[in-house]
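Using the sequences and the hints given, assemble the complete structure.
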Amino acid sequence: MTNQPGWIKLAQERDGAVLQAGGAWTVEYAADLDRQVESLPKESAAQVLDLTEIDAIDTAGAWLLARASGQGEGQEIPWRNLAPEFQPLAERVLTAGPKVTPERPRARTITDWVADVGAGVEEVLAESLNLVAFFGEFVLATGRVIANPRRFRWVSLLVHIEQTGINALPIVGLISFLVGVVLAYQGADQLRQFNAQFLTVNMVGISVLREMGILLTAIVVAGRSGSAFTAQIGTMQVSEEVDALRTMGLDPMEVLVLPRVTALIITLPILTFFADLMGLFGGGIMYSVLVDQTFGQYVTRLNDVITPTMFWVGMVKAPVFAILIALVGCFEGLRVTGSAESVGKMTTRAVVEGIFLVIIFDALFSVLFSILSI
Amino acid sequence: MAERSANIIEIRGLVNRFGEQVLHDGLDLDIRRGEVLGVVGGSGSGKSVLLRTIIGLNRSTAGDIRVLGQLTRELDDEALRRLQTRWGVLFQNGALFSSLTVAENIQAPMRERGDIPPELVDELAGLKVKLVGLPIDAMAKYPSQLSGGMKKRVGLARALALDPEILFLDEPTAGLDPIGAADFDQLIRSLQQSLGLTVVMITHDLDSLVTICDRIAVLVDKKVKVGTLEELMRDPHPWVQSYFHGPRARAAGIAAD
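Protein chains in written order, with the numbering used here: chain F, 1 to 374; chain R, 375 to 631.
If you're looking for bench data, these hints aren't it; they were derived computationally from the structure. Any given hint could be a false lead.
Heads up, incomplete: computed chain F residues facing chain R, CB under 7 Å, no partners named [stated by the list, open to error]:
1. 27
2. 31
3. 83
4. 84
5. 88
6. 89
7. 92
8. 96
9. 100
10. 126
11. 127
12. 292
13. 296
14. 339
15. 341
Even for Gly, the Cβ is constructed at its ideal location relative to N, Cα and C.
Quick look at the structure:
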């Protein structure tokens, strides 16, 4: 690129004022050329735009020259002496038609904001209804498959059990272990003030079994597997694989959704059980470090204070949460439309809605258990 | 321009190997300034890989590629970026950014430069839209709202955003109806002539080869045979023979019945 940067100036010749331009009028120098053109005197009496010294031009340059000579704005100044090799390009740009620019987005007003809130509410309501309808379809599909078990996809089920269950063991175990450690540490620290460190065992046992084990597992699984379901099905939706299934007379509900939901119904309780164990283990380690007792004494004491009910209170939630997470994941996956961007958007939504529903239902379970006095 | 040599791209001894599979083995190719070169070849013969290698998306196993006089594999990142603004690429399905409108897609390369004033970017986007024959109201639309033919035009407008010297097209007419394809061919030809572009297009479209390509490069036996349509029709290679004398070639009016 050895060209001189482009320039434009107003000069006086015998028969009046002349605009002269030269150098390279290319996008390379567009910013500078734009400034030069803008700083030309508006009401110059120039009769002609002389382009003898132009030695390179592209569409951006030609556009700026057109602007400099007032093309398309009434008082046009004719061009002269443009080198013949640049003629076709100049002609192409000049005949392209009047100036158009993309519309700038309108400034937002309070009305827009209110309308957005309304649209948002409407969307949430519609989405909830759709999700309920989706659950209904799922129940019907389950019924059909139970009536005719040969239609069930066993291979798909096993693949998803491996992906959502076995592969999730390390992360679920680690998180539960650490939360157990933290619970025991905080508990022992506070209870020491009442000289009741030994109650740490009750605290760790009850909170891990009833709440922490299942809740943490559900949140990890929603982030890990719920999102994976949406992304898998969403990508299939984008590449029209789901449509291909439909044309073969296969129901995406049976082929895609049912194995995933079933897999999670099987794996989430197992993961929860594992999380319970790791949580209690982590709590025990921390307890034996902080309080002057051995791990064996922790286990004995744990055995005294926890009851099967506590375990089952946590465990009974697992299949419910599994259905919520898997259904939302598949539901959002099937709602993906057209673009790759939509896959990302729906995946985010699946995770947020999955975790939200899990916590709502956890609260509902608490209310239920308190009514039942369990 | 500093390098006013006749060849805008020179490829020497290009080798591309993926594992056991050798796609190109000692491929030489010269592309002349200002020509429209069609690249043809069977499926899997490495047309797209050749294109991706020239534009730097694929690192070749061996060989030299000179684009606009610069040896691409010796360039540092900064120099390569500067070189990349001197060519435009139209990918097969347009590869438009789905989260941006048509206007924003076309403006993206200009905005990336960072120094062009926003008003000018807007005006130039409008100009590009008109140059590729898109309706004005398409500017505010998103790619998912466009037909296949319009997407290609937007892709072309984006490829032309920074006024490149070379235009690479990957199957520009694939997926278009015959009328749309013929229109697109004419558009490429007229833009190439008026803007002085060098065009390298991968194509399966025999009509495009006849109507707009000055020369044709055929990928056979891991190398290329280059020539005009008439020259290639006389080539004795069996694949070249069956390509240019097959029933579809007859339908396109290339070969005599």
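The hints, checked one at a time:
With its C-beta approaching chain R no nearer than about 5 Å, residue 27 of chain F sits inside the 7 Å limit, and its interface hint holds. Because the smallest distance between the Cβ of residue 31 of chain F and any Cβ of chain R comes to about 4 Å, under 7 Å, the interface hint for this residue holds. Restraint check, residue 83 of chain F versus chain R: the minimum CB separation of about 12 Å is more than 7 Å; hint violated. The interface hint given for residue 84 of chain F is violated, since its Cβ lies 12 Å from the closest Cβ of chain R, which is over the 7 Å cut-off.
At a threshold of 7 Å, the smallest CB-CB gap from residue 88 of chain F to chain R is about 4 Å, leaving the interface hint in force. Below 7 Å, beta-carbon pairs count as interface contacts, and residue 89 of chain F has one with chain R at about 5 Å; its hint therefore holds. Taking 7 Å as the C-beta contact cut-off toward chain R, the hint placing residue 92 of chain F at the interface holds, the least distance being around 4 Å. Annotation: residue 96 of chain F was flagged as interfacial toward chain R, and the flag holds, the nearest CB pair being 4 Å apart, inside 7 Å.
Contact between residue 100 of chain F and chain R, as hinted, is supported at the beta carbon level, the nearest pair being about 4 Å apart and thus within 7 Å. Taking 7 Å as the C-beta contact cut-off toward chain R, the hint placing residue 126 of chain F at the interface is violated, the least distance being around 21 Å. Because the closest C-beta pair between residue 127 of chain F and chain R is about 21 Å apart, greater than 7 Å, the hint is violated. With its C-beta approaching chain R no nearer than about 60 Å, residue 292 of chain F sits outside the 7 Å limit, and its interface hint is violated.
The interface hint given for residue 296 of chain F is violated, since its Cβ lies 57 Å from the closest Cβ of chain R, which is over the 7 Å cut-off. Here the hint on residue 339 of chain F is kept, as its CB sits about 4 Å from the closest CB of chain R, short of 7 Å. Proximity of residue 341 of chain F to chain R holds as hinted, the smallest CB-CB distance being about 5 Å (cut-off 7 Å).
The structure is inconsistent with the numbered hints 3, 4, 10, 11, 12 and 13, although it conforms to all the rest.
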